[in-house]
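Visitor: Protein chains in written order, with our numbering: chain A, 1 to 334; chain B, 335 to 668.
Derived by calculation from the structure, the hints in this document are not laboratory data. Worth double-checking, as some hints may not be accurate.
[Stated by the list, open to error] With beta-carbon atoms standing in for the labels, derived distance ranges:
id, chain 1, residue 1, chain 2, residue 2, range
1, B, Glu585, A, Gly97, 43 to 51 Å
2, A, Trp290, B, Pro342, 29 to 37 Å
3, B, Asp648, A, Arg285, 14 to 22 Å
[Claimed, not checked] Pulled a few chain B residues facing chain A out of the computed Cβ check, cut under 10 Å:
id, residue
4, Gly352
5, Gly397
6, Met457
7, Asp541
8, Ala569
9, Pro601
10, Arg610
11, Trp627
12, Ala638
13, Thr665
[Stated by the list, open to error] On the chain A side, residues computed to face chain B include the following (Cβ under 10 Å):
id, residue
14, Ile5
15, Gly9
16, Val11
17, Asp17
18, Val20
19, His23
20, Ser55
21, Met112
22, Thr116
23, Arg285
24, Val289
25, Met303
The beta-carbon is built from N, C-alpha and C at its ideal position, and this holds for glycine as well.
One-letter residues, chain by chain:
There are 2 protein chains.
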Amino acid sequence: MKKLINEPGDVVDEMLDGMVMAHPEYVRRLEGTNVLTRADAPVDGKVGIVSGGGSGHEPTHAGYLGAGMLDGAAAGEVFTSPTADQLQGMIDACDGGEGVLCVVKNYEGDVMNFETAIEFAEMEGDTEIDHVVVDDDVAVEDSLYTSGRRGVCGTILVHKVAGAAAARGDDLAEVKRLAEKTVERVATMGTALTSCTTPEKGEPTFDLDDDEIELGIGIHGEPGVERVDVMSADAITDHLTERVLDDLALEEGAEVMTIVNGMGATPLMELYVVNRRLQELLSEREIEVWDGWISDYMTSLDMAGCSITVLELDAEFKELLGAPADTPALTVRE
Amino acid sequence: MKKLINEPGDVVDEMLDGMVMAHPEYVRRLEGTNVLTRADAPVDGKVGIVSGGGSGHEPTHAGYLGAGMLDGAAAGEVFTSPTADQLQGMIDACDGGEGVLCVVKNYEGDVMNFETAIEFAEMEGDTEIDHVVVDDDVAVEDSLYTSGRRGVCGTILVHKVAGAAAARGDDLAEVKRLAEKTVERVATMGTALTSCTTPEKGEPTFDLDDDEIELGIGIHGEPGVERVDVMSADAITDHLTERVLDDLALEEGAEVMTIVNGMGATPLMELYVVNRRLQELLSEREIEVWDGWISDYMTSLDMAGCSITVLELDAEFKELLGAPADTPALTVRE
């Protein structure tokens, strides 16, 4: 294993320190925890939006802390849910008096720990707390880690929609409605050219030959649903996009936004090649692309590969997605 | 070789199409060329700032097209200089009547082709054109590709300083003075955990064992100046930072900005671990960090590793670095 790390057991702690040192204007660390919050949390008079999960998906989640997106982000160990008490501490720290919405990726550990944290936070305080579960991965119905579909890169769009709704003053019920509507209309599928290597294990989580790739991978080093011979970027993009579009059942004339997401070790050059084919395909199907993002948003350590996310839009979504966001990993200008 | 590409010979063309489709509000392609310009180029009454070089370093250079940075970016084939006629076409397209400054990384092909392009552009037009050569890599004095030091990630800071000076209305001589001052005060050094693989060759440009890394690498798959056993992130950071600081000969109390740059296949998690140690080291030496950037700015295809850049600041630089920039790869807010 070759990684820019020190002791494997220290990597999350040191990464969080490095993030705070890099972005002191955006984030601070709750003392004694692996929770980062907005530097100005809690923001009074606004619904707090928080998320969290295992580390190894950076910039998810802490990269999205800031105005117009998240108030809190809890980091578990690599590919491991944060504990319920850390989640509870985060919820408390992001409570500006208008309630808190937790955005949870659909993994059993995350869902269980968030539900426990919410229960305790509600018992001990007087704020209303609610949550949404994101399950945008169309590749599998159940996996090693989940009942139902996994939550992957579409989560970022839930952060953006909920964050913008909270920023303009929507109440908790309305923020939750919009977050759930995002979950219903977003779909993702990914491919891996390589496995990934966790710092603790030090070896790839699955073996993959030099002439093979995996289609339908998750973000925790799970193998995909199908192992195939190496394909061209266009063929891969066609496969992923068709699965995503079938799931959404879009009609001609639909308006969408797209994400081409790198899995952690994918050069930007390759993501742009994928984006070219994605945009061609959508144009052929007479689906209009309102905006498209290309970068590393939801990664899986040092995995090479990408995922494609499509969200079906309407006027309500466009207002929220186009609203300003100011975070380390994502900026939307006024 | 596993890459998200189609035919190796098409990768640059397809990438550029993918960039234009991703960022139509920022960039357009000069028809029949591999030159991208700002969507609104030429900007009348402003010195044009242009750059270019081989592909494989994305987001360099086209990712920096936009207000406050570059007006034009020419993309050669992978690790190959753009031709002089493409560079001349770019210079012409970015000439808003106040002259054009070319920012050139110090590689023999780039320098030669830019000089030829400038000569022809000056013969055929009546605009003044000038250039600066960036040579921030402290690792080697001469290399396979260069006489003198190589131009690497510090180039981004030259784009930022020159772009901000041009945006506020400085004339060509003043923009050039500020760009050259940046070159004098910036230093970079990098490390590779893996080699990189060019699409055409399909094999790593150098061999590296599982327990070895290279210190002092360039951005074209050149091996480093020293091959050593795998080291911890802290030990690597110490080594790179000390070389960079020795070159700059900073005194206690100096003020700097830093970049921790990923080489293309480096997870953000690891860059933050490196940043933590970098900031510690600078603090120990009583050097004040005004700002620090962490991302992929100047990559080398699918190389894993990082580089560290330090620029010594003064009031003039802080004004220009803090001025707004609005580009696909870098945003500085008002």
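Visitor: Does each hint hold? Answer for all of them.
Guide: Taking the hints in turn, this is what the structure says about them:
| no. | hint | in the structure |
| --- | --- | --- |
| 1 | B:Glu585 <-> A:Gly97: 43 to 51 Å | 49 Å, holds |
| 2 | A:Trp290 <-> B:Pro342: 29 to 37 Å | 33 Å, holds |
| 3 | B:Asp648 <-> A:Arg285: 14 to 22 Å | 55 Å, violated |
| 4 | Gly352 | 3 Å, holds |
| 5 | Gly397 | 8 Å, holds |
| 6 | Met457 | 35 Å, violated |
| 7 | Asp541 | 14 Å, violated |
| 8 | Ala569 | 9 Å, holds |
| 9 | Pro601 | 5 Å, holds |
| 10 | Arg610 | 4 Å, holds |
| 11 | Trp627 | 8 Å, holds |
| 12 | Ala638 | 7 Å, holds |
| 13 | Thr665 | 5 Å, holds |
| 14 | Ile5 | 5 Å, holds |
| 15 | Gly9 | 13 Å, violated |
| 16 | Val11 | 6 Å, holds |
| 17 | Asp17 | 5 Å, holds |
| 18 | Val20 | 9 Å, holds |
| 19 | His23 | 8 Å, holds |
| 20 | Ser55 | 7 Å, holds |
| 21 | Met112 | 25 Å, violated |
| 22 | Thr116 | 27 Å, violated |
| 23 | Arg285 | 15 Å, violated |
| 24 | Val289 | 8 Å, holds |
| 25 | Met303 | 9 Å, holds |
Taken one by one, the earlier hints fail for this structure at numbers 3, 6, 7, 15, 21, 22, 23, listed in ascending order.
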